[in-house]
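Peer 1: Read off the chains here:
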Amino acid sequence: MRNVMTVFKKEIYRVISDKRLVLTVFIVPGLSIFLIYSLMGTIISSQMTEAETHTAKIYAEHLPSSIETIMDDQMRYEIVEETYTRDELETMILEGNLDLVMIFDEDFTAQIEAYQGSALPSIEVLYNQSEQHSQGAFSRFQGVMATFHEQVIIERLENPEDYQVYTLSPSNIMDERAAAGAGFAMLMPMLIVIFLFAGAMSIGPDAIAGEKERGTIATLLVRPVKRSSIALGKVLSLAVLSLLSALSSFIGIILSLPRLMQMDDNLPDVSIYGVSEYLLILALLMSTVLFIVALISILSAYAKTIKEASMLIMPFYFIAIIVGVMNSFGADTSDAALVHLIPIYGPINVLSGILMFDFMLINLIITILSSLLYTAILIVVLNKMFSSEKIMFQK
Amino acid sequence: MYELVVKDIKKTFTLSKKQQKIEKTDQKRKVAVDKLSFTAHPGEIYGLLGPNGAGKTTALRCISTLIKPDEGDININGLSVKHDSLEIRKHIAFLTSELKLDDFFTPNYLFRYFSNLHGLDEATMHERKAKLFNRFGIEKFQEVKVGDLSTGMKQKLSIAIALVHDPAIIIFDEPTNGLDILTARSVINYLLEMKTEGKTIIISTHILDVVEKLCDKVGIIIDGTLQVDGTLSSIKTNSKDGTLETLFFDLMEEKVGEDHA
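Chains as they are written, first to last, in the numbering used here: chain A, 1 to 395; chain B, 1 to 261.
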């Protein structure tokens, strides 16, 4: 046990005393996530604002004043004064110089008023779906025409009150805590697993494959240290460092969420969760990170170089991402106990449950115990690998 | 006082395709050492002399418990490398240029780290450090990262670090390889000092001069098998002209032909 601590402390010291590693493991992940997500949020919001404040350029022929009044109410627009041929109009729409063309029948209003079941008056509209502003102008114009349509119908009815056929009284009785929790549950489990993996990937290969590559592992193996102490010391230190690295990413995402989600600069309210939820999450993450780190350690011990280790880890990283994405965008969390035996999937599933205030204690226990069991098995394998001359000294 | 007995050890390696090409052979397995036996006593330096690829390093790796012999065994005071490797590692130091120190750490940090792994208490650690750092002139750069040290300095530090626990047996693979004359001389002097302290020392080398200067007993190893084993003076009597050099080249010629000799 003493040697486990000695190896543990050395591995931790190796990272935290190296400015370059502190930067790449603890600062850069959080900072880059914060910057990227904030930038994405800013771009999305500026695009949305631009779309909302855009003044649509419209070419109109015989625009009835009744419709123009509604348009004044519902959209920003300016009418192009010049006259163009049909071909010219199409070109202008295609090139984005004009957002919408509307050609009403010359006696549109008269036809509407004189309607006796005869032919319908028509409006010809040109727009370009692939142009954001043209598409926006068209959909607003559809809104305008819906209002106009409603006005005409009401006018045609003998009793205008008949237009109203029911009253609707909706009450949103959502549990705000659960609703906020559902939001977290969609995003966080996937991100947390990715962060834990990424954190472990940034230091694991160097701590084991790197020692093989640099020839420092033999210096350690020739000492009276049990291979299991080396394995345990490495795995535990990597677990702590990976958790810290994931925490950095986590802070980055929490700080960037307001801008990403256009939440008026209010930080997401993580206080909806109490101490018990946080403790459960911590216990879950500890067992999960141990499994991830043990897996990465084995792959790193097998690899001859850091580069090879990184390549071997990649497929497992992708699998973890896919499992995470499936949880975010896929089916509901499962309550079946057996699925919680599946590494990575189980923890993500339970984490979603905890964040939504809806999980079964037995599933949490199964998940944690199975993760610890898998970790123990992996550490036994790692111990064997450290004892194998073929794996340790193969050139 | 620890006696080291190597008894009939055999070690075979599987060759990769790449190694087969380098060795110019179609055989998948290579016998690195075969039926190797010798004994090294306390207060004695035993030298394994042989050309490159003769199996010297493999033999030393077996003694230092990094690899296990396929057949035979090595005993150190009744402990077997096959079954008591952890216990044996408490009493040996293995030195080779292949065992590296992490560039990032300082001599002070590494000395403490390896002392801790050997379970040394604080006072013993300080005492050993003062002695070894003074002996090899490491004090001046004890807070300089290994990566910033010269090759000679690194080699001296490696020796100091290997000896933190005051081992009874010192195994040194090619002790003067890659060293400048000054460092090589100080290493040789130190080994002689250790001998007078009663340590059991085994070295491997392909340099005849090193054997002449250092060794009490010599084993000449060619192609994995021991050709001659005895005290330096006794084996010289087998030589035509009484020199180690003539004996060595005669053996080489006899074993692998003149081309290789």
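Rather than coming from a laboratory, the hints here were simulated on the basis of the structure.
Among the clues, some could well be false.
What the hints assert, rightly or not - Simulated restraints on C-beta separations: (1) B/193 x A/22: 19 to 25 angstroms; (2) A/342 x B/24: 49 to 55 angstroms; (3) B/143 x A/22: 49 to 55 angstroms; (4) A/270 x B/98: 50 to 56 angstroms.
Said to hold, decoys possible - Heads up, simulated BS3-like pairs for lysine-lysine below, C-alpha to C-alpha not over 25 angstroms straight-line: (5) B/255 x B/24; (6) B/236 x A/9; (7) B/213 x A/390; (8) B/30 x A/9; (9) B/30 x B/10; (10) B/240 x A/384; (11) A/390 x B/68; (12) B/236 x A/390; (13) B/255 x A/390; (14) A/307 x A/384; (15) A/307 x A/390; (16) B/236 x B/35; (17) B/255 x A/226; (18) B/7 x B/17; (19) B/236 x A/304; (20) B/255 x A/304; (21) A/304 x B/30; (22) A/390 x B/195.
To be verified - If you want the footprint, here are the derived chain A segments under chain B, 3+ residues with CB under 8 angstroms: (23) 9-21; (24) 32-42; (25) 208-216.
We treat Cβ as the ideally placed atom computed from N, Cα and C, and that holds for glycine.
Peer 1: Going straight from one Cα to the other, do residue 255 of chain B and residue 226 of chain A come out at no more than 25 angstroms?
Peer 2: violated (42 angstroms)
Peer 1: Would you say the C-beta atoms of residue 342 of chain A and residue 24 of chain B sit inside 49 to 55 angstroms of each other?
Peer 2: holds (51 angstroms)
Peer 1: Would you check the hint for residue 30 of chain B and residue 9 of chain A, treating anything up to 25 angstroms between C-alpha atoms as holding?
Peer 2: Status violated; Cα separation ~41 angstroms.
Peer 1: With a Cβ-Cβ cutoff of 8 angstroms, does the region 208-216 of chain A contain at least three residues near chain B?
Peer 2: holds (count 4)
Peer 1: Please verify whether residue 307 of chain A and residue 390 of chain A have alpha carbons no more than 25 angstroms apart.
Peer 2: holds (19 angstroms)
Peer 1: Could you grab the alpha-carbon distance between residue 30 of chain B and residue 10 of chain B and see if it respects the 25 angstroms cut-off?
Peer 2: holds (11 angstroms)
Peer 1: For the pair supplied as a hint, residue 236 of chain B and residue 390 of chain A, confirm whether the alpha-carbon distance does not exceed 25 angstroms.
Peer 2: At roughly 39 angstroms apart (the allowed maximum being 25 angstroms), residue 390 of chain A and residue 236 of chain B break the hint.
Peer 1: Does the Cβ-Cβ separation between residue 143 of chain B and residue 22 of chain A fall within 49 to 55 angstroms?
Peer 2: violated (20 angstroms)
Peer 1: Count the residues of the region 9-21 of chain A whose Cβ falls closer than 8 angstroms to any Cβ of chain B, and tell me whether that reaches three.
Peer 2: With 4 residues close enough to chain B, the hint holds.
Peer 1: Does residue 68 of chain B sit within 25 angstroms of residue 390 of chain A, going by the straight-line distance between their CA atoms?
Peer 2: holds (11 angstroms)
Peer 1: Given the hinted pair residue 236 of chain B and residue 35 of chain B, is their alpha-carbon gap at most 25 angstroms?
Peer 2: holds (23 angstroms)
Peer 1: Between residue 236 of chain B and residue 9 of chain A, is the straight-line Cα distance small enough, at 25 angstroms or below?
Peer 2: violated (53 angstroms)
Comparing the model with each earlier hint shows violations of hints 1, 3, 6, 7, 8, 10, 12, 13, 17, 18, 19, 20, 22 and 24; every other hint is respected.
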